[in-house]
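Assemble the complex: chain G is given as a structure, and chain X must be docked to it using the hints.
Protein chains: 2
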Amino acid sequence: MAKAKQNGRTENGAVKEDSSTRERIFHMAAELFTRNGYDATGVQELGDAVGLGRGALYHHIGSKENLLYQISIRHVYQMVEVGEEILASDQPADEKFRELGRRLMAMIAENLPEITVFFHEHRSLSKQHNEELIDIRDQFENVWVRILEQGVEEGIFRPMPPVAIKGILGLFNYSYVWFVPNGKETPEHVADIFADMALSGMKSR
Amino acid sequence: MAKAKQNGRTENGAVKEDSSTRERIFHMAAELFTRNGYDATGVQELGDAVGLGRGALYHHIGSKENLLYQISIRHVYQMVEVGEEILASDQPADEKFRELGRRLMAMIAENLPEITVFFHEHRSLSKQHNEELIDIRDQFENVWVRILEQGVEEGIFRPMPPVAIKGILGLFNYSYVWFVPNGKETPEHVADIFADMALSGMKSR
Numbered sequence: 048m049a050k051a052k053q054n055g056r057t058e059n060g061a062v063k064e065d066s067s068t069r070e071r072i073f074h075m076a077a078e079l080f081t082r083n084g085y086d087a088t089g090v091q092e093l094g095d096a097v098g099l100g101r102g103a104l105y106h107h108i109g110s111k112e113n114l115l116y117q118i119s120i121r122h123v124y125q126m127v128e129v130g131e132e133i134l135a136s137d138q139p140a141d142e143k144f145r146e147l148g149r150r151l152m153a154m155i156a157e158n159l160p161e162i163t164v165f166f167h168e169h170r171s172l173s174k175q176h177n178e179e180l181i182d183i184r185d186q187f188e189n190v191w192v193r194i195l196e197q198g199v200e201e202g203i204f205r206p207m208p209p210v211a212i213k214g215i216l217g218l219f220n221y222s223y224v225w226f227v228p229n230g231k232e233t234p235e236h237v238a239d240i241f242a243d244m245a246l247s248g249m250k251s252r
Numbered sequence: 048m049a050k051a052k053q054n055g056r057t058e059n060g061a062v063k064e065d066s067s068t069r070e071r072i073f074h075m076a077a078e079l080f081t082r083n084g085y086d087a088t089g090v091q092e093l094g095d096a097v098g099l100g101r102g103a104l105y106h107h108i109g110s111k112e113n114l115l116y117q118i119s120i121r122h123v124y125q126m127v128e129v130g131e132e133i134l135a136s137d138q139p140a141d142e143k144f145r146e147l148g149r150r151l152m153a154m155i156a157e158n159l160p161e162i163t164v165f166f167h168e169h170r171s172l173s174k175q176h177n178e179e180l181i182d183i184r185d186q187f188e189n190v191w192v193r194i195l196e197q198g199v200e201e202g203i204f205r206p207m208p209p210v211a212i213k214g215i216l217g218l219f220n221y222s223y224v225w226f227v228p229n230g231k232e233t234p235e236h237v238a239d240i241f242a243d244m245a246l247s248g249m250k251s252r
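If you read the sequences in order, they're chains G and X. Quick note on my numbering: the first sequence kicks off at 48 and runs consecutively. Quick note on my numbering: the second sequence kicks off at 48 and runs consecutively.
Bound conformation, chain G alone (with noise of 0.2 Å):
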């Protein structure tokens, strides 16, 4: 739900301007846990760094536990929904493969932050907000598989052992670490090179 108010169907401009406001205070918390850490970083100080004091901040994110599965988790939810468009299209699988790779590679370039605290923060979510985080993660992950199988289908990629789908994720993902946005390489280009490595390397033979 959070979502939708997020992608802009809003009514009036007060609700218009609350997401605006949101979006705003994701990003600095997002900033802030980053550079910070969760635990280190106070509701006063975030509130300071988006100019709101307490009550409005709170009015935004509900609670700080909360502000951070927001940020974790909304990013993975984006990509489930890329991953299920690019699934129902008619490409064939190696071309949703490197699509999909190119709007992963994409995203995180994006959202290096809000990705940092996806992967160093989840230990601070609430118990029913972690498994929420494993569902939805894991449903993300279902969407290379599914990419896998009808590969194998359509007799372009090998049969591989389930494991190899924590090396595609890893090829990818890891980029969180060492991505530098703005840099000589843009996203795409380096998930190009990273989708003819894995492709070449599932090519049936």
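Since the hints were derived computationally from the structure, they do not count as laboratory data. Just so you know, even glycine gets a beta-carbon here, dropped at the ideal spot from N, CA and C. Among the clues, some could well be false.
Covered stretches of chain G, going by a simulated chain X footprint (3 or more residues, C-beta under 8 Å) [unchecked claim]: (1) 84-90; (2) 236-244.
Listing some non-contacts, in silico: residues in chain G with all C-beta distances to chain X over 10 Å [unchecked claim]: (3) K111; (4) I133; (5) E178; (6) E232.
Relative to chain G, chain X alone:
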């Protein structure tokens, strides 16, 4: 220097006991930092967990930041040593690649808390320690670069864009996120699957 002591080059029982106590502290600290975060882990809490008073604990660790540094750097140092040995052997590049992958996966699987601390807590290092960490990490990356160069010279590998190294590191390193110790897959088996994928992807045509 800390390394030489850990390796057991000790001359008497007292130093040896010091060394095993230090190992115990390092391991417990890595567990606590991973479970609760570096910021949220107090020296008092660590002392209680290993059954040492404040004075004895500081004798072993120097400072909390130094402890973080030692935990973060020692396995990377170790992997650089392993990498130099492999490089110095007279195997062809694909065998070196395979062996380094196996050794790296085994090291990660055996030291998951330490590797998690390495990836998640570097922002808490002093500037100097952080620079040293980056330097040794780059040395390890350079071992992979040299194996790839050897493979191109031998005509086994096609020339790859430099960013391909990041993909290879991601393939193996990302296992700190998902590897389940004592699960159904041994680290060596996983490493072989990943090396197969990467090697067929890098083969010269």
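Hint check results:
1. 84-90: holds (count 4)
2. 236-244: This one holds; 5 residues, not fewer than the three required, reach chain X with a Cβ under 8 Å.
3. K111: Holds, because the least Cβ-Cβ distance between K111(G) and chain X comes to about 14 Å, which exceeds 10 Å.
4. I133: Label holds. Min Cβ-Cβ 21 Å, cutoff 10 Å.
5. E178: holds, 17 Å
6. E232: violated, 6 Å
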